[in-house]
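A.B. asks: What follows is each chain in one-letter form.
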Amino acid sequence: MLKIENLHASIDGKSILNGLTLEIPAGEIHAVMGPNGSGKSTLSYVLAGREGYEVTEGSVTFGDIDLLAMEPEERAVAGVFLAFQAPVELPGVGNANFLRTALNAVRRAKGEAEIDAIQFLKLARARMKVLNMPDDMLKRPVNVGFSGGEKKRNEMLQMALLSPKLALLDETDSGLDIDALKLVSDTVNSLRGPDFSALVITHYQRLLNHIVPDRVHVLSAGRIIKSGGPELAQELEASGYGAIQAAAA
Amino acid sequence: MAAVTETIEAVQAVNDGGYKWGFETDIEMDFAPKGLNEDIVRFISAKKKEPSWLLDWRLKAYRHWLTMEVPHWAAVTHPPIDFQDAYYYAAPKQGPKSLDEVDPELLKTYAKLGIPLKEQAILAGVEGAGDSPSDSGRMPIAVDAVFDSVSVATSYKERLAKDGIIFCAISEAVQTHPELIKQYLGSVVPQGDNYYAALNSAVFTDGSFVYIPKGVRCPMELSTYFRINAKSTGQFERTLIIADEGSTVSYLEGCTAPMRDENQLHAAVVELVALDDASIKYSTVQNWYPGDAEGKGGIYNFVTKRAACRGKRSKVSWTQVETGSAITWKYPSCLLIGDDSVGEFYSVAITNNRQQADTGTKMFHIGARTRSTIVSKGISAGRGQNTYRGLVKISPKATGARNFTQCDSLLIGDQCGAHTVPYIENRCMTAKVEHEATTSRIAEDQLFYCRSRGLSQEDAVGMIVNGFCREVLKELPMEFAVEAQKLLQISLEGSVG
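Order-wise, the sequence lines are chains S and U.
Last residue of the first sequence: 249 in our numbering, with the numbers rising by one and none dropped.
Last residue of the second sequence: 497 in our numbering, with the numbers rising by one and none dropped.
Don't read these hints as lab results, they were simulated from the structure.
Please note that the accuracy of each hint is not assured.
[Unchecked claim] Residues on chain S that point at chain U, a partial pick, calculated with CB under 7 Å:
| hint | residue |
| --- | --- |
| 1 | Met1 |
| 2 | Ala48 |
| 3 | Arg50 |
| 4 | Glu54 |
| 5 | Leu68 |
| 6 | Ala69 |
| 7 | Met70 |
| 8 | Pro72 |
| 9 | Ala76 |
| 10 | Leu82 |
| 11 | Leu90 |
| 12 | Pro91 |
| 13 | Gly92 |
| 14 | Val93 |
| 15 | Ala102 |
In this text, all values refer to a predicted model and were calculated from it rather than measured experimentally.
Glycine included, every Cβ here is placed at the ideal spot set by N, Cα and C.
In isolation and in its complexed conformation, chain S is listed as follows (with noise of 0.2 Å):
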């Protein structure tokens, strides 16, 4: 689904991936975990086409399509859907419209109808019920004033309704409560299958405990140093950052 290879990115000229390699196959969530500084954000804005961020070297796959070569809304509407690690206010952009605007994007790319307002609040509504996510956030401007919580969940909503093939969560556990960690996982978890791959970027193993990867990756200074399984996140944990690349060095 997703191959990423000798990847070499800057910004503002300062180098910050360095090489790194790494292939998604369709179906499977794969989780990379770093320090500070390693390049995690970096790599999802990248991926999703974030200006700014010049690759200097190696390619991106995405399917068959070179994801390099795109600009930010043909991603989007090809299947790559980034979850932010910190959720954009739109003063005065109606959470509904913003939403159904997207979704209707996504839907034309795909050759699909797109749907009016009244199929729109039905889908919307049922989702939300599934995040606890009361009804007036649709009318709410996009994220003003929302809660740090409440952001997030307006992200996973969004992820939920534009259905992507590749999720890119940058950190999406950060700030968040035990119930709000459970309902972001709950989301990811119900769409799992065959066509539906994620790239799961977190500090800790703590959201890897509710979306089980398949694999684990160690981000330090812009490269992949250590892959592994599950298990891998486990050690970090116990380890820390430190062992591992002092090891890989």
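Position chain U relative to chain S; hints supplied.
C.D. replies: Here is chain U on its own, set in the frame of chain S:
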């Protein structure tokens, strides 16, 4: 098909970029000779078969205008205007005496303007078209269409007349209701008020007249579509709306013009009078041709709009969406004379490419406990310059007066400008005045967030800008709100990336 859908479709049809109202209609026109002098003023007055008091009124304005200087305090620049190099009267030759005679070319123009078909039929005088309520169940809109200098047709007139409402061309009102014209014309904006108002008073050719009798709630939206079509003409329309005691009316105006290399002058005057407990809502979607990307051509929109809240508890609400014109110079104002009267001003002004806008409002608090609210949203893109200029003046008698002002500016790109020039003069100890202002950019992370959800760059800008303007757009009547949202997006096309 529901008229709402028609309007939406008409708007969508123009959504593929550029100024889509730039067409020119080929109609035989009747022109006065080029230039301006007393004879032209007499010519216009004679064409309109006006009583001698009105001719004298015009001449007085003209003579006063000669003594005045072009205002130069606004933050706009343009080459001097040659007032002798324009036509001051241009009218379709086939006079609109009977609706059956409306030129088919005109009807095509309405279609292009997106005037709902039902109203078009009425404007064309299709029999019975104005009698039955709208099939969609929607409130019908009565439309007055002003083409260059002449009001060509007004719909739903008879239906409105049942409630005693007068809605007609102002030139017609001069003939049919001279007492109202004599009483109110120039009573809010005097002939010598300012340079362009004086010019307008001398040469105004047409516009709409509305009178809502005591206690009547106008059953439909009243609307005027202004269109400058002929070359080298100025448009000087004059609108007068009187809401008698306890009455309510909502009025909309829309404006477009063909694309031309030359600059054309639009100097209108709008006067509103609200008596005791009366309420007037005046909405504008201004989409005059803005000139090309290099600043060539476009309309100079130099307009004086003022409301007198003469009655106790009267209320006037101005809502404007200014997307067009090369230069906008416009300050819809409220004289809050009656105790407890209320003035509101909601504005969105966009400047893209080389457009310049100097716009805002004046709120004069004269009566006790008068209240005013000002919400201004300025959006600058390209090399556009956008100035909010406002005055809140509170007289010693305006005890307990309140004002709240909010001015927000949004910048797109790094070559545009946003300026805020608020004046506050408070002479009353018990008054309370609040002013809030912000300036922001469309943040890169906002754009990226939208795009990462599948929205194109332009849709993302449109959505963010519409969100920024939401407080103003929600004040517009529903059909206009849809049109305005699309317009905002079209006006900003190509401004990012």
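A.B. asks: Indicate, hint by hint, whether the structure satisfies it.
C.D. replies: Hints and how they fare:
no.: 1; hint: Met1; verdict: violated, 18 Å
no.: 2; hint: Ala48; verdict: holds, 5 Å
no.: 3; hint: Arg50; verdict: holds, 5 Å
no.: 4; hint: Glu54; verdict: violated, 15 Å
no.: 5; hint: Leu68; verdict: violated, 15 Å
no.: 6; hint: Ala69; verdict: violated, 15 Å
no.: 7; hint: Met70; verdict: violated, 11 Å
no.: 8; hint: Pro72; verdict: holds, 4 Å
no.: 9; hint: Ala76; verdict: holds, 4 Å
no.: 10; hint: Leu82; verdict: holds, 5 Å
no.: 11; hint: Leu90; verdict: holds, 6 Å
no.: 12; hint: Pro91; verdict: holds, 6 Å
no.: 13; hint: Gly92; verdict: holds, 3 Å
no.: 14; hint: Val93; verdict: holds, 4 Å
no.: 15; hint: Ala102; verdict: holds, 4 Å
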